[in-house]
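One line per chain: the protein sequences are A and B, in this order. Residue 1 is where the first sequence starts when you use our numbering, and the numbers rise one by one after that. Residue 1001 is where the second sequence starts when you use our numbering, and the numbers rise one by one after that.
Some hints here could point you the wrong way.
According to the in silico footprint, chain A covers these stretches of chain B (three or more CB under 8 Å from chain A) [what the hints assert, rightly or not]: (1) 1039-1051; (2) 1074-1088.
Covered by chain B, according to a simulated footprint, are these stretches of chain A (three or more residues, beta-carbon under 8 Å) [said to hold, decoys possible]: (3) 212-221; (4) 339-352.
It should be emphasised that the hints constitute simulated quantities derived from the structure, not laboratory data. Nothing here was measured: the structure is a model prediction, and the numbers come from that model. Ideal Cβ positions, reconstructed from N, Cα and C, are used throughout, including at glycine.
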Amino acid sequence: MKSSPLRVLLLWLLAMLVGGLIAWNSRFSADMSFFLPAEPSAEQQVLIEQIKEGAVSRLLMLAIGGGDAEKRAAASRDLRQRLATQDAFVSIQNGETSHLDQDRDLLLAHRYLLSPAVTPERFTVAGLHAAIGDSIDLLASPAGMLFKPFLTRDPTGELATMLAGLGSASQPASRDGVWASRDGERAMLLVQTRAHGADTDGQEAAIRSIRSAFAETRQALGADGLSLQLSGPGHFAVAARAQIKQEVLLLTSISSLAIIAVLFFIYRSPRLIGLGMLPVLSGALAGIVAVSLTYDTVFGITVGFGAALIGEAVDYSTYYFMQSGRLGLNGWRQRFWPTIRLGVATSLCGFGALLFSGFPGLAQLGLYSLAGVLTAALVTRFVLPHLAGPVAVTNTPQPLLKFMESGLDGLSRLRLPVLLLAVVAAGWLINQRDQLWHPDLSALSTVSEADAQIDGELRADLGAPDSRYLVVVNGADQEAALQAAERTGRHLDRLVDAGVIGGYDSPARFLPSRASQDQRRAALPESAVLRQRLTVALADLPLSAQRLDAFVADVEAARKAPPLSRENLAGSSLALAVDSLMLQRADGWSVLLPLHPRIDGDELSIPADQVRAALAGSDGLFIDMKAEFDALYSDYLSEAIRLSLAGVGAVILLLAVSLRSPQRLTGVLLPLLIAVVFVVAGLHLLGQRLHLLHLVGLLLIVAVGSNYALFFDRSARQGKPDPETLSSMGVANLTTAIGFGTLSLSSVPVLKAIGLTVGPGAILALLLAAMFVPRGTNR
Amino acid sequence: MKNLLTAGLFLALLGQSAWAAFDVGSLMADLARHPGGKAKFVETRFLAVLDKPLKATGEMTYIAPDRLEKRTLTPKPELMILDKDLLTLERDKQKLSINLASQPQALAFVDSIRGTLAGNRAALERNYLLHLAGTPDKWVLTMLPRDQQMASFVLRIVVSGSGSQMRSIEYLQADGDRSLLTIEPVDGR
């Protein structure tokens, strides 16, 4: 390494400049993709599409509170009108029934192409007799009042047949003609945005439009008492992004300020502190650049992890400044660098294990930290000495040194009790192993409890769909997809009849395939034939054929009507249903058939086995979104266990090869093992349910904590630890604990879990290493 | 002749005043005491579009104060259950549930029968103008909708009964169609 200082400096500056440019142009995101699998199965693919662009992901629920019912209803109408003129929204529903008339008229107008009951048999004498007889019977029922006005146009009851097929999706409550919450105290609206759920900018703009439209409404009505509440996936994404943005700034500020304060206490030199931060900045930048170049998008959570990286990366310059003073640069490189190098290598093993995760967020954290730590170490080794020049001996304050030395003696006396305590804690944890883990992915959700509660209330008030169960079919083109949906629908009809499911939605209800339309049209008889059959069919019914001219005319019109297309439905909620259930992909069309559980079932769940069995032989793929989520999480968890074990294995292997002594290896590993046991026991004692990020934290305790054990191990071979080693380790440990500990302040569960685990774990690892690493000639 | 007429009028007035104590309030109090029970019903609908009336029969069970089951047996089995504000209709394995709280007009309609069964004057007067005629043994309660929208749907509801027992309820619709529901208690009350 004979390169001139200037050249090194210039190279470094150039690298920083390029890195800065790349980071500047990186795409940052804070959406759910952090949690979504990188290589999804067919079922998971549907899950991802639904989360990113599904109709449900585009729903926003609105509640207007305050004032009186009349004011709220007026505001609801006014707000709907204001939003309806904006292109950002596909639909705004507030319970006003005018659009329902449009839907009903459409169904009625196209009933002979839409109704699944239209078959040649239905228009025979016997078929007409049965169908019209049923319609007359229906008039005797309370529901008959609704159909009476249509009897002479639709005596075979196609409207009733179609409505029955739609199932009984429950409607929200209503006050003053618009939707209201169950207690009637809030007016409710349901908005579908044009922007996809994954388009956080679009969602943010849509939410802003809603809020400003509401402000106008309030002003227009002079109703200051009214307030707007809003929830939905888009809202969560926007809130999460804002929260992560704010936290990244806050956490890195806290962590940097605290660490700078510590360094100032030690160095008392702004110059050294500035130099000490150089490897940190380089590391953080390298992390972002590596992630940006590899993954295209940098997750906000990854950047938030920078707070921890600061604490870890600053260690290397701490070691350099505190250890090289007496020995000079070359002495430091000979005596200390190999140990630091080994420590860096163990850290890399830990972070590197995460790279293989199928959980993209985890892989990013791994890559970010890997690149960051490696860069910080390299900058410390090769750049910092050139910039810093000869470092003055940093004197650790004497009282502190005294305290540490006497502490060491005290610690080694605690070996036995601590060992016993560790055994007890381990036994307790084994006993409690069933209650240790959080069972599902919700543990990682960024949605706050208060927001989740509001969301739950609005959802219950609106009876908004949660779309847990879906059947998906595919086709090369729209017609093929619709035909597949109709075939699968026949399988599902059997399940409805058997009472296994309550019902299902299908776009083919409102937009049947051309094939079905043609079949139905062909089933309609000519006027003369129909009249003739009616006369016979109605002989013993209380309805005379003369009254049914409108029916005969409608059938004749349907025989000549052009095929029904998506354009015919434009502007109605039928079109909305069709659009939200059909997805165009690069290689064709997908149709979604959401399933509804039986209403009277105790649990709102659907027996998956029976549905799968019924779908056997059809092209339908059954998906239980919740089960998929749970499976996804348990995949992640078992993968995280594998990766952590592999990471720990790599650390052990590395140490075994470097230390070449089983005794030394045990001395280094034992404190780490005990630290892990204590941290898990501590978290469990505090009532924290562990999830996979805690597990990752444990891996990092081993990877980061082994640095300390290694220093003690090295000192042990040379007698008692020298003051430089002791004090530099103390400071390095403190900054690491501050860096990771800061994350525990985060409200983002992913970061909080790592912070809660590694922060205390790092300190424990240091204390335990001091306690257990064998000392040759201690005093 | 003139005297006779006067006497008749007088008697009529006397008869009226003798029952002056019988008003909506006391009828409601009587009805409210009815604990509920089972009854057979015959419902006849007179529809202009049909050549002859439609007849449906079945059983009704009322459990005070807010559960009513109407089980139609002919011409087609059907079950209607009204439990508080939840109306459930079962027919041909189809099940339809409507929360009436969201449907003020349907609620008003349902309250006409439920309010009478429960003797809930407030519920009835919220939606209807009440007019009572007859005696406690043979009374006729006429209800006229207060709400315009409701009136475009049902013109008049006439309930008749004796004592605390409802005997018939007749709906006259705005389009001239009409339905008559007669009730015969099964357990003799």
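To test your reading of the hints: which numbers does this structure violate? 3 and 4
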